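Trainee: Read off the chains here:
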Amino acid sequence: MSDPFATVTFMPTAPMTLDELRQEVAGVLAPYGISVDEFVAVDVDDLETDELRDLWLMVKGALTSAE
Amino acid sequence: MVDLIRAAEAFAAILTEVVNGTVSTGARFVVTPFEGPTELAWVYPEGSTPANVSLVPIVAGLAPDQPARLWLRTSFQVRLDDSREHLSVVRSVFALVIDQSSKRPAVRVEYDRDQGNEPDDVTPARHRRSAAHVQIHGSSEEFAYVQGLNGGRPLRGLEKFHIPVGGRWFRPSLEDFIEFLWTERLVPGLHDGWQEVLTRHRSNWLTLQLRVAVRGDPTTAVKQLESMGYSITEPTSTD
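In order, the protein sequences belong to chains A and B.
For the first sequence, our numbering gives the first residue as 1, with consecutive numbering after it.
For the second sequence, our numbering gives the first residue as 1, with consecutive numbering after it.
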């Protein structure tokens, strides 16, 4: 049986640390006037924009302790 | 024991093949491991960061010189399950995006593990939404009418409603979403050979999800197999 991934190049990107993630999230939140800690404490459905909602979904698990 | 990054890379390779075999060309999904207190990784298109996920242009069905007018937004947060034997999706988003700069979606399918209701919850409606749900961006006079009848909350747009879709075991796959986009003619076309790509990867997905369901409810699985004539021997407890 052929390898379905034979033509695919695996390429993991560089790891991201917690500090790097917090900085990046803070940069997105700056125009909204929300801190990172405030952001992860809210419910996703209370966020006004799709940008914030998408951000919340992708970073929530990393910025809070194990759920 | 499975290595999270290697498993995530294999998942990224599957996503790459599915997307390039159906709606796009030259897209590549990559993995960003998280070096933090929680062991997890992100799987998303090349060029993404957790805070800024790149869009995948939908080009199938367009002339070679025609720019994309629609985009796919696809991203996953993954970890190993409690047994550390299987990759587990913690959160995922698939969306059809209609504007590249604002990333405004028309429809999206989201999954948010542990943050929403599941079909087998002992206590229903503990959360404000279902873990696996569809949201449609638009307006509905009928939904507005129903909200008006019941009152009690500010009027919400259609996109604020989370339509439940199957829970963690039987939620839609990316393959289902792409098939939906095509069968409803929401994308201009798919690449030749898309059926084989979708069928192969969706079969694998269904098998994986069935195995997860059996692990989650072995008693029901044993009963069903015994009703079909199989003899099942319970494993010896290792406690």
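Derived from the structure by calculation, the hints contain no laboratory data.
Given the structure is predicted, the values throughout are model-derived calculations rather than measurements.
Among the hints, erroneous ones may be present.
Said to hold, decoys possible - Pulled a few chain A residues facing chain B out of the computed Cβ check, cut under 8 angstroms:
1. M16
2. D37
3. D54
Here a beta-carbon is modelled for each residue, glycine too, at the ideal position from N, C-alpha and C.
Trainee: Taking the hints in turn, state whether each one holds.
Mentor: Hint check results:
1. M16: holds, 5 angstroms
2. D37: Violated, because the Cβ-Cβ distance from D37 (chain A) to chain B comes to roughly 15 angstroms (cut-off 8 angstroms).
3. D54: holds, 6 angstroms
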